[in-house]
Every structure is written in structure tokens, then in C-alpha cells.
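J.: Protein chains in written order, with UniProt numbering: chain H, 1 to 398; chain F, 1 to 398.
Take the hints with a grain of salt, since some may be wrong.
Since the list gives no way to pick out one identical chain from another, each pair is judged satisfied if it fits inside one copy or across any two copies.
Derived SDA-like pairs (lysine to any residue); straight-line CA-CA distance at most 20 angstroms [what the hints assert, rightly or not]:
hint : residue 1 : residue 2
1    : LYS344    : ALA162
2    : LYS161    : PRO226
3    : LYS390    : LEU358
4    : LYS133    : GLN259
5    : LYS390    : PRO172
6    : LYS161    : ARG268
7    : LYS133    : ALA221
8    : LYS161    : LEU264
9    : LYS390    : LEU192
10   : LYS390    : GLY189
11   : LYS133    : SER169
12   : LYS133    : GLU111
13   : LYS390    : LEU264
14   : LYS344    : HIS331
15   : LYS350    : VAL44
16   : LYS350    : PRO255
17   : LYS390    : PRO292
18   : LYS161    : MET129
19   : LYS133    : ALA162
The hints are simulated quantities; they were obtained by calculation from the structure and are not laboratory data.
Now for the letters of each chain:
There are 2 protein chains.
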Amino acid sequence: MSVVEIPDGSPFGVENLPYGIFSVDDGRPRVGTRLGDTVIDLSVVLADPVFAAASLNPFMAQGPARWAQVRERLTQLVAGDLPDTALHPAADVRLHLPVEVADYVDFYASEHHASNLGRLFRPDAEPLMPNWKHLPVGYHGRAGTVVVSGTDIVRPCGQRKAPDEPAPSFGPSRRLDIEAELGFLVGVGSPLGDRIGVDEFARHVFGAVLVNDWSARDIQAWEYVPLGPHLGKSFATSISPWVVPLAALEAARVPLPGQDPQPLEYLRGGQDWGLDIEFVVEWNGEQVSRPPYREMYWSPAQMLAHMTVNGASARTGDLFASGTISGPDRHQRGAFIELTWGGKEPVVVKGEERTFLLDGDEVTLSATAPGPNGTRIGFGEVSGTIRPAKENRAQPPG
Amino acid sequence: MSVVEIPDGSPFGVENLPYGIFSVDDGRPRVGTRLGDTVIDLSVVLADPVFAAASLNPFMAQGPARWAQVRERLTQLVAGDLPDTALHPAADVRLHLPVEVADYVDFYASEHHASNLGRLFRPDAEPLMPNWKHLPVGYHGRAGTVVVSGTDIVRPCGQRKAPDEPAPSFGPSRRLDIEAELGFLVGVGSPLGDRIGVDEFARHVFGAVLVNDWSARDIQAWEYVPLGPHLGKSFATSISPWVVPLAALEAARVPLPGQDPQPLEYLRGGQDWGLDIEFVVEWNGEQVSRPPYREMYWSPAQMLAHMTVNGASARTGDLFASGTISGPDRHQRGAFIELTWGGKEPVVVKGEERTFLLDGDEVTLSATAPGPNGTRIGFGEVSGTIRPAKENRAQPPG
Chain H
1 MSVVEIPDGS PFGVENLPYG IFSVDDGRPR VGTRLGDTVI DLSVVLADPV FAAASLNPFM
61 AQGPARWAQV RERLTQLVAG DLPDTALHPA ADVRLHLPVE VADYVDFYAS EHHASNLGRL
121 FRPDAEPLMP NWKHLPVGYH GRAGTVVVSG TDIVRPCGQR KAPDEPAPSF GPSRRLDIEA
181 ELGFLVGVGS PLGDRIGVDE FARHVFGAVL VNDWSARDIQ AWEYVPLGPH LGKSFATSIS
241 PWVVPLAALE AARVPLPGQD PQPLEYLRGG QDWGLDIEFV VEWNGEQVSR PPYREMYWSP
301 AQMLAHMTVN GASARTGDLF ASGTISGPDR HQRGAFIELT WGGKEPVVVK GEERTFLLDG
361 DEVTLSATAP GPNGTRIGFG EVSGTIRPAK ENRAQPPG
Chain F
1 MSVVEIPDGS PFGVENLPYG IFSVDDGRPR VGTRLGDTVI DLSVVLADPV FAAASLNPFM
61 AQGPARWAQV RERLTQLVAG DLPDTALHPA ADVRLHLPVE VADYVDFYAS EHHASNLGRL
121 FRPDAEPLMP NWKHLPVGYH GRAGTVVVSG TDIVRPCGQR KAPDEPAPSF GPSRRLDIEA
181 ELGFLVGVGS PLGDRIGVDE FARHVFGAVL VNDWSARDIQ AWEYVPLGPH LGKSFATSIS
241 PWVVPLAALE AARVPLPGQD PQPLEYLRGG QDWGLDIEFV VEWNGEQVSR PPYREMYWSP
301 AQMLAHMTVN GASARTGDLF ASGTISGPDR HQRGAFIELT WGGKEPVVVK GEERTFLLDG
361 DEVTLSATAP GPNGTRIGFG EVSGTIRPAK ENRAQPPG
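Bound conformation, chain H alone (with noise of 0.2 angstroms):
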């Protein structure tokens, strides 16, 4: 029996408990939570054979009345003695994907963002649409690219054209790019027919995870009408491994800054859901960005409500994300097409001017929350790095 020594200032403290899938060796992946740097086994600390599934998506079912008895039985479990087979150092361990993801659907909740991509896709138009203050805009993505940090990221073919171009080329993509965003995870559904109030986010949601949202920016601008973006987006979507529970992120809480006009009845209510998380976004190991959650437009609370008030069902397992988290300075910016104003104004990166993702660059994000008595809450990262595109395949044996 041991005692987890939690170093100072780690972002994993006992005010965090995260859950993920985890193996060690034997190749069994199980729910773990983490706590400094001590990856700890549920599956062998708690009775439940929810924690021996391979994704969070049993336990994530169970609703937030048992949510709160494992987070409670878990504070006391790490204050005390814990078996040793339940220990591993966390780098030692490989962490998958934490949940069987149902359906995705990315939105748009920044201002400063959709405010920026507009003016920088229809540069001829108002950038923000006419609903926009109205309805959480988002769209559905596909969820079977949903990967976990640390998955390398292929560079997508595609078609693209170039608005000088006078017909499309088929090529690997040439504005690679990223959108730091946050996720969360639908633990208990709705029928369908029904629909989620806009008060009723904690009882449905169970965490939140960090998203790269990568972006073919060349071949979403070339696809995107009438119907949204799809080749550009659909090849990886990237998760971090660690879902942090909603209710590690109460101290984090934050009044959104202001909806104006107000929204309809159905989305009133949850403006207390801004979340006052800070991103890093590291290119090649050189922070580039900061982009602030706390500047966020839409509530998670309202896309939720907006996202079932047609009578959609919900789904254990339902990822939804916020959309590209930018706030008003340039340094707040969680797309590169952002942050370089369409590739016109380079950032230097390790020294070198840098527009959109090279083959062999890597991408880290990162964030963290207040937590209780001025302790912070991390979530781990997200990272990927882009290998070369396959642009020539042989045909597979018949």
C-alpha cells in the first residue's frame, strides 16, 4: 500500500480526479484517473465493472447521482493508502481514446472567431451571418475521425481552388491548420421527441475535454457551399485524453460577457456556464496563443438546449465542441488562418516565419481552470504532428 505524492502545483491534484482509458502492458484498457504524476486504477480501488470497460461510456450512463458518489468516494480513497497494483506512473501508460464517441457536432460559439473567419472567407460581406446572435450556429462532423492526443495526423488530399484558379486541382492540402476548442461529453441522453432545457447541462453532461478541430482551410473554402464544411474537417478531429468532470470545473464558472439581443426563452438561462479556461497553443514547442474560454458568446448550456430543441435525441457517448476559441488580440487566436490573417502576416515560430502546418510540425494544446482555494485544474494536452500526405495509393490486393 502507498500514499500518491502529488508534486507542488500539480495541474492533476485531488480537486481534479480526471477520468481516462488507460493499459499498461498487458494491453487491457480500463478506466484510470489521475493524480500528480500517478495514473490510479479504478477497476481495482473501485467495485464496479464499469471501470473495467475500454471507454468511459458505462460509467458516463450511470447519471450524475453516481457521477457524485465515485468523485466523493474517490477524494477519500486518494487521501489514504492505495494497493500497488492500482499505481502506475503515468509515463508509463498508454492512454486511448476515453469514450465511444455517438454523434459530433462542432459549433461556432466564438464571436472574435466567427467574426474573423468571415471576414477572411467572404471578405465582400457582413462577417458575422444574420443568425449568428441568435442560435448557437453548428454543424455535425464525423464521428469515426475522432482520435486521442497523440495520433499522428496524415495531411488530407482534397480538392482546392484557389479563387485566381480557374478550376479546381486535386493535391494535398496547402493551408493545413488547427481550431483549439473545448468538448464536451454527453453522459445521459434524452428520448427522441424531448429535448434538454437549458438549466438541465449538469444532469447530461459529464466532462469536458480539450479538441484540435484540424482544418484543411484550402479545401473547406472550395467545398463548404451551400451545405458546411465536410472533406476539410472530416479527416481528424483530435481529443486529450483526460475528461475533466463538470464538477471539477465549478470554480471556473463564469457569467458569459453579455448576450445582446437577448436570446429566445428556450436558450435564457445558462449564461452562468462561461468557463474561465485558459488555452496555450504551442507550435513545434513555441507557444503562439492563448486563446481565453471565458470569451466565449454561446454557453455549452445553450448549445446543449439548442442542439435537442427540435426533439433530436442525445446520447451517451455525444461529443459536441465550442468551435475555435479566439478572443479580441491577435495573441488570443486559436486558428492559424486566424493568427497569420490568412497566411498574409507570418508568425515566427522557432525563428522561422510560418503561415499554415508544415509536414513534421507538431501542435500541443493545453489549458488550465481555477479550481477550489486557488489550486488550478489542468486537462492535459492534445497534440499531433502532420506526417506527409499519401498522394499516389496502390491499389489494394483484390
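Knowing the structure of chain H, use the given hints to seat chain F on it.
T.: Okay, now just chain F, sitting in the frame of chain H:
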């Protein structure tokens, strides 16, 4: 032991042999096929646990060699005596959603439909976007709200704003519509970073179903810029319970009507996957349209090649649909917004002038295709009845 009798002209002859999931009084869903007016329990006549599963996914994942083998064996079996325990009158079984849908992508592959919608949604612009003849435009829909034929459709609520209204209002959709489509089910997927060639369609796709992509046009028109349709579509998508295997559609294959300009190389080939399938749209039992699938501009082989050309993985259970099937003539339009030209040219249904769907309305899509030796293959039908919106919602108990 009995021989199954097949009524003359049945669309479920020995050339069809579709797969579905059924249950009887015991409530245990398993795999069956339909022959004439009889459902044959494949978990009884074939010795493979995949046929005792509650979805077709395990069988679909076995791949094309196995699909061919099972089809050949079934063809032999149904020519002889079958055990009575395997036989159920079609009228006595309950049909379930045949697949666990992984990702759902909806295309927009009819030139007539895309042109009509362009004229209706963007009257002051070119009806077809510049990208439309270069790539099969598509977007992700909500997989979790794909339902089986017979499921009631609750009229969705949402934000609607007519062009002459100063602000959006919340309420039940006033322009509830259908989209008659053909859907394709992926049996064998492809890994992340790889892609499926345009000539590899039949190695990956298991079969086809009828799709009714219910659409709330007022919600859609207000929300869809710039990220595409979301709540106007996500409340429900109905599919037919019987999956017609690709092998049953060989006699229905026709060349596409023609593509100009010639598409990029990754979309060349697959032009021999046009399909001569005749749809019938019935509104409260009255035939209002006969959309011809052979008029589609893009083939399903091209859709699948496009969907994965960026390295997006495909999974067993992925559903991709054609988009509304509309021919050049008015009586061939597969959506009521086209058939009634935005509601301005009502159609007569059972003696009443009608534009969009009213509560209590029932819509049924059916379709047939040429089979071998002058026979016809039937898809059966996909049907749904509109139920009143739930405008006010009691707060559930805490």
C-alpha cells in the same frame, strides 16, 4: 418443413433476398430475409452467430466474399423445404432498425434537386454553386436520429424567420417536408489515412435502403449559413427496414446521364453505378411523385470515393445517402418544396390543396428496380406519420 410460396409479381422474389432485423412475440431481434409474404429467420437456417445479432453490422463486417457465399446458400435453401420454425408471415413480425448507424453523410447528387433548391433558397444567384459539378457535395447528418420505417415523426420546434419578419420566433415548423433518397450501407470500412478507390465500391458497400430525410425548411433556411443544415434535418431520418444487397441490383445498373466537365481523376470510374430505380412518393395514400434514380448526376461509387479521399476512415454501419432524387419533370420531384415550388403551387391530395405536411399526414416512399429475367426487385417502403409538436415541455423531476 414447408416450401415458401411466392405470389406472382412479388417484389420479394428469389432474385431479391434482402436482409433485415425482425422480432416476433418473443421480442428477440435477429436477422431475417423476406421471400414473398414470408420472413425467414436466418438464425435458424444458417449456422453463424452473426444472424442471431440484433443488427446487421456483424454480418456486414464479414465482407463481400462472405456476402456472396451467404446469398448463394440462401438461393439454394429457399428453393427447397424450410423448417416451419424459421417461417413467419410478414404481417406478424415487427421490423427494427436494421443497422447500428456509425456515421451518416447526406449528399446532394441530383442536378435537378440542387438547381431547384438553389432557385428557391437563393433566388438572386446562380442556382448551382461553382463546386457542384466538380465534387459530390455532402455533409454529415445525425446518426442517432436515424429511425426505422413506421416511427412517428414529431413535428420539430425551432427558430424560424421568414424573409419579411424582423426577428426569428420559436415554434413548430410551418414548412415540414420530405426528401426521397436512396441510402447505402458500408459493410467493410477503411482505416484512417487510407481511402476507398472509385472502383472499389462493391468491396465495401453491403446494400441499399430507402431514406426519407425529413426536413423543416423554415428552420433550415434560417440556420444553414455558413455551416450547413443542422436542426432543420437532425430531428429524424427514416430508413426502410429491408436492406437490398448490392448483388440484387446488378440488373439495375445503368451509366450515369453524363458528367461535364470530366471530374478529377479520383472520381473517374464508378460512372457505371447509375441505378435504374423508380421511386414512388405517396402522401396520405395518394401518389404525388415518381422520382427516377437513374437521373442522378453523381454515382454512389463516386460519393464513397470522395468521402474518404481525405483519409477519413469508413466504418461498418456508415450510412451515406444520395440526397433528394428529382427528375426533370414536376411529377418527378422528390421533395414537396420543389413539387409545390416553395409552397406557391399546391398539389391536390385527396381532393385538398396541400403544400407542406400537416399533423396526421402520412408519407410513404417505395421503390422498385429491374431484376434478372424481366423480374422486379422491391425495396419495400419507408413510411412515417406526422405527430403534433411538443411546444411546451414540463420540467422533468430533478
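J.: Determine for every hint whether it applies to the structure shown.
T.: Here is how each hint holds up against the structure:
Only within a single protomer do LYS344 and ALA162 lie at most 20 angstroms apart by alpha-carbon distance; the minimum there is 15 angstroms, versus 39 angstroms between protomers. In this assembly of identical chains, the alpha carbons of LYS161 and PRO226 lie at most 20 angstroms apart whether taken from the same copy (16 angstroms) or from different copies (19 angstroms). With identical chains, the CA atoms of LYS390 and LEU358 are at most 20 angstroms apart within one copy only, with a shortest distance of 15 angstroms there and 51 angstroms across copies. Proximity of LYS133 to GLN259 under the C-alpha cut-off of 20 angstroms is restricted to the intra-copy arrangement: shortest distance 8 angstroms within a copy versus 41 angstroms between copies.
Within a single copy, LYS390 and PRO172 get their C-alpha atoms as close as 8 angstroms, which meets the 20 angstroms cut-off; across copies the closest is 48 angstroms, which misses it. Within a single copy, LYS161 and ARG268 get their C-alpha atoms only as close as 42 angstroms, which misses the 20 angstroms cut-off; across copies the closest is 19 angstroms, which meets it. For the homomeric pair LYS133 and ALA221, the shortest alpha-carbon distance between copies (16 angstroms) is at most 20 angstroms, but the shortest distance inside one copy (23 angstroms) is not. Taking the shortest Cα distances, LYS161 and LEU264 sit within 20 angstroms of each other only across copies (12 angstroms), while inside one copy they are farther apart (39 angstroms).
Proximity of LYS390 and LEU192 under a CA criterion of 20 angstroms is satisfied inter-copy only: 12 angstroms between copies versus 41 angstroms inside one chain copy. When the C-alpha separation of LYS390 and GLY189 is checked against a cutoff of 20 angstroms, the pair qualifies only between copies, where the shortest distance is 18 angstroms, while the shortest distance within a copy is 39 angstroms. Taking the shortest Cα distances, LYS133 and SER169 sit within 20 angstroms of each other only across copies (13 angstroms), while inside one copy they are farther apart (36 angstroms). In the homo-oligomer, the alpha carbons of LYS133 and GLU111 lie at most 20 angstroms apart inside one protomer (9 angstroms), although the nearest pairing across protomers, at 33 angstroms, exceeds that limit.
For a Cα distance limit of 20 angstroms, the shortest separation of LYS390 from LEU264 across copies, 17 angstroms, qualifies, whereas the shortest one inside one copy, 47 angstroms, does not. Only within a single protomer do LYS344 and HIS331 lie at most 20 angstroms apart by alpha-carbon distance; the minimum there is 16 angstroms, versus 51 angstroms between protomers. In this assembly of identical chains, the alpha carbons of LYS350 and VAL44 never lie at most 20 angstroms apart, being 45 angstroms within a copy and 67 angstroms across copies at closest. In this assembly of identical chains, the alpha carbons of LYS350 and PRO255 never lie at most 20 angstroms apart, being 37 angstroms within a copy and 55 angstroms across copies at closest.
Taking the shortest alpha-carbon separations for LYS390 and PRO292, neither the intra-copy value of 36 angstroms nor the inter-copy value of 38 angstroms comes in at or below 20 angstroms. With identical chains, the CA atoms of LYS161 and MET129 are at most 20 angstroms apart between copies only, with a shortest distance of 13 angstroms across copies and 24 angstroms within one. Taking the shortest alpha-carbon separations for LYS133 and ALA162, only the inter-copy value of 17 angstroms comes in at or below 20 angstroms, while the best intra-copy value is 30 angstroms.
This entry does not satisfy hints 15, 16 and 17, going by the numbered hints stated previously.
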